[in-house]
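Protein chains: 2
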Amino acid sequence: MNSEHFVIKARWLIPMEGADTLLEHAALVIEADNIVGIFSQSALPAAFSDWPVVDCQQHVLLPGLINLHAHTSMTLLKGYADDYALMPWLNQHIWPAEKQWVSPTFVHDGSLLACAEMLSGGVTTFNDMYFFPQSTMDAVLRMGMRAHIGLVVMEFATQYAADAMTYIRLGTQARDAYKHEPLLSFSFAPHAPYTVSDKSFEQLLTYAEQLNLGIHTHLHETEAEITQSLTQYGVRPLARLHALGAIGPNTVLAHGVHLEPAELTLLATQGAHIAHCPSSNLKLASGIAPIAAAMRAGVNVGLGTDGSASNNRLDLWQEMRTSALLAKVKDQNAASLPAYQALQMATIHGAHALGLQARIGSLAVGKQADMVAVRLDALDHLPCFDPISHLVYVAGREHVTHTWVNGTLQYQRTAAGLAHFTQIATEELFAIAQQWQLKIQSARHTAH
Amino acid sequence: MNSEHFVIKARWLIPMEGADTLLEHAALVIEADNIVGIFSQSALPAAFSDWPVVDCQQHVLLPGLINLHAHTSMTLLKGYADDYALMPWLNQHIWPAEKQWVSPTFVHDGSLLACAEMLSGGVTTFNDMYFFPQSTMDAVLRMGMRAHIGLVVMEFATQYAADAMTYIRLGTQARDAYKHEPLLSFSFAPHAPYTVSDKSFEQLLTYAEQLNLGIHTHLHETEAEITQSLTQYGVRPLARLHALGAIGPNTVLAHGVHLEPAELTLLATQGAHIAHCPSSNLKLASGIAPIAAAMRAGVNVGLGTDGSASNNRLDLWQEMRTSALLAKVKDQNAASLPAYQALQMATIHGAHALGLQARIGSLAVGKQADMVAVRLDALDHLPCFDPISHLVYVAGREHVTHTWVNGTLQYQRTAAGLAHFTQIATEELFAIAQQWQLKIQSARHTAH
Chain A
709 MNSEHFVIKA RWLIPMEGAD TLLEHAALVI EADNIVGIFS QSALPAAFSD
759 WPVVDCQQHV LLPGLINLHA HTSMTLLKGY ADDYALMPWL NQHIWPAEKQ
809 WVSPTFVHDG SLLACAEMLS GGVTTFNDMY FFPQSTMDAV LRMGMRAHIG
859 LVVMEFATQY AADAMTYIRL GTQARDAYKH EPLLSFSFAP HAPYTVSDKS
909 FEQLLTYAEQ LNLGIHTHLH ETEAEITQSL TQYGVRPLAR LHALGAIGPN
959 TVLAHGVHLE PAELTLLATQ GAHIAHCPSS NLKLASGIAP IAAAMRAGVN
1009 VGLGTDGSAS NNRLDLWQEM RTSALLAKVK DQNAASLPAY QALQMATIHG
1059 AHALGLQARI GSLAVGKQAD MVAVRLDALD HLPCFDPISH LVYVAGREHV
1109 THTWVNGTLQ YQRTAAGLAH FTQIATEELF AIAQQWQLKI QSARHTAH
Chain B
709 MNSEHFVIKA RWLIPMEGAD TLLEHAALVI EADNIVGIFS QSALPAAFSD
759 WPVVDCQQHV LLPGLINLHA HTSMTLLKGY ADDYALMPWL NQHIWPAEKQ
809 WVSPTFVHDG SLLACAEMLS GGVTTFNDMY FFPQSTMDAV LRMGMRAHIG
859 LVVMEFATQY AADAMTYIRL GTQARDAYKH EPLLSFSFAP HAPYTVSDKS
909 FEQLLTYAEQ LNLGIHTHLH ETEAEITQSL TQYGVRPLAR LHALGAIGPN
959 TVLAHGVHLE PAELTLLATQ GAHIAHCPSS NLKLASGIAP IAAAMRAGVN
1009 VGLGTDGSAS NNRLDLWQEM RTSALLAKVK DQNAASLPAY QALQMATIHG
1059 AHALGLQARI GSLAVGKQAD MVAVRLDALD HLPCFDPISH LVYVAGREHV
1109 THTWVNGTLQ YQRTAAGLAH FTQIATEELF AIAQQWQLKI QSARHTAH
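Going line by line, the protein sequences match chains A and B. Sequential numbering of the first sequence, starting at 709, is according to the numbering used here. Sequential numbering of the second sequence, starting at 709, is according to the numbering used here.
Isolated chain A, as found in the complex:
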């Protein structure tokens, strides 16, 4: 399965290039880390006929999914505090827990578990933002995933850094140390308009330009953030960031729940991207983002899970389904955001947002071989008249059977239904999770 060249024979293949195309009985040819051919199985050239074959004859093959907004190491705080209003949730639960627990080891171990969860759900790339990014990178490289690492910047002191200049310095150093890794790419990640000053934005934007890095930030997640900005700066956060020069084709804005039509036009004109996080936006009562309207205005929109403390599943299948359903009610039109568009958001749109569209996000000759195979032959899948619709409205991450990153099979669900990761024994992952559970749970019982 880790052979350097192989052919995947798939019942269906969705290239995610342009309009909604569904190939039947397709053969995808991989050599090293690249896609070198896409054929009908009956027309597979003789040159490939003796290459090893991966049998996906009951499956849909599609590009690996791209999680456009995550705080992966928060997996260790999954379900730590649910069903609280936003401010008590942050002030009384999440921030104290982060203060108590966040360390390089916490970040490494949480990221490792998050990578496992995402790989087993068909995610091959994620766009992260958290403290101690080098620990996340170590976990990513160990698991063989692809990641876009946000070098986080904020004003206030944490265990990671004392002030904005230190965040910028530590982030730059971390990027310097890992910049040659082929599976990693980088952006600056000023946390949010309300946690980063104009001066720090100006500083990090200068570095971002020098280093050719993008920007990943939270924007317009809540009404409160907008009200506060109007009081403090006299403008809404987007207008402020635009005046600072932060809104451009390398900018990924997480959430974007509260966006007016003129703001959508601005984002489209500037070529900025939205990371839509529907489950998190509901769970924290932030609102329903105007995503179909954003896409109609020409804004590129990808999908994110946010962190496990505000979503609890790093599951892009759930986000695809939820985004398609929510758009219909938001638009009062059941034809809004059809299934194929949800798949685009989770694949090629995410790649565009990260500037990686030449390398990943679709299945095309010359692109890197990030792929996911999904079985569509379970009893609950039948009947199946349209595999594209079924992927979004019927299937779930439990139907993912194979996940390849850069030509290597990194996850497989065995015939017995068990998770198998190429790079790490599942037992080791369980041991890490259980150790943190015991540690955090005993302290939580004292605190709660």
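Heads up, a few of these hints could be off.
[Said to hold, decoys possible] Pairs of lysine to aspartate or glutamate residues, derived as EDC-like cross-links and limited to a Cα-Cα distance of at most 16 Å, are as follows:
1. A:K1038 to B:E931
2. A:K717 to A:D758
3. B:K1038 to A:E931
4. A:K1038 to A:E968
5. B:K1147 to B:E806
The set of hints was computed from the structure by calculation and includes no laboratory data.
Using the hints, position chain B against chain A.
Leaving out everything else, chain B in the frame of chain A:
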């Protein structure tokens, strides 16, 4: 596993009686179709110590889930037409397909597959409404499920009946033939205020009173339905049904998307019940029902999937998660509709709505033994600080391992991850599904 007496030893047990109680290391004792004891494992009386034991030591045990609004046989039209606006969806796709396909065999086979899907997702009881109810009952009895069968009534002619009086007569006959079945109960199911005349309502309400049957109808699913009623009758549909005497403690109203505060008060005063169908309400762009407000007003609310053509998953885990998330954004309060309340909606609230609360809906001595076991030891479940929260926000139907109805194990996921139904070979279910898929698909290709 089908022994007439046994003990289930569970890591956690949620009785769903009153406030949110979570028992640890519990033992549930079953004799014939009844729950005869609930103990701590360490305090299991000697009288039960040599009874057969079902090991659920990594599981949560909870009451079987109750699907409060379904059109089960529409499973054969799953994904038949997605992402269409409501009227083209009905007029150009669903109604023509129903006209072409619906028959006693279609209803039987679709219901059989729906029962399999629901059993494997922990649903033990469903509240149905469709044509040829006797065919649904045959499927239910074959699978060993519990169902509340709606005897459908509408004005217009279908393959099933020519006019409202014929629907009433056929429904009454079907009920007479099956009324002694212990797993079946009944209501009249006037389809909706806009498809049933005052005269037919009066007629069926007379029969319902004579036969002591409840009422199951669609209500206030769309704005259009309300506008039309105001034009035709001068009042909103709820006011009209109330004037007819149809709104009482045996009334289940499906959807209830558009309800004003005074209407919620009326429902609470009358003791009527709402079957909340969040996924379907989103997918058809009907709206977001004011469910947390309804419960605050004192209305009993259960959860439904609706039919497979407007949801695509007969999955109450999805509905629990979606209802909890949607309520938060509807209320602009992340504390709204906490996880335990979602579990109540899917269990004891559903039982109340069907008048079955003395027999099912919670785990208590003397109740009938409808139970579901859910593994919470998958890698994606870790860490787990609160099993109640995890059931709603992290787990999915794929984690259901055992479903018992009336003391009998009717579904089990084997160690190899395969579905095993007690009453039917999985191969037979696949064969039925595939045969219908071929038949419908070939005709669909011609039509589309």
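Cross-check of the supplied hints:
About 15 Å separates the Cα atoms of K1038 of chain A and E931 of chain B, which keeps this hinted pair within 16 Å; it holds. Using a Cα cut-off of 16 Å, the hinted pair K717 of chain A and D758 of chain A holds, with the two alpha carbons roughly 13 Å apart. Between K1038 of chain B and E931 of chain A the alpha-carbon distance is near 15 Å, which keeps this suggested pair within the 16 Å criterion. Of the supplied pair hints, the one linking K1038 of chain A and E968 of chain A holds, its CA atoms being roughly 14 Å apart against a limit of 16 Å.
Restraint check for K1147 of chain B and E806 of chain B: satisfied, since their Cα atoms lie roughly 14 Å apart, inside the 16 Å limit.
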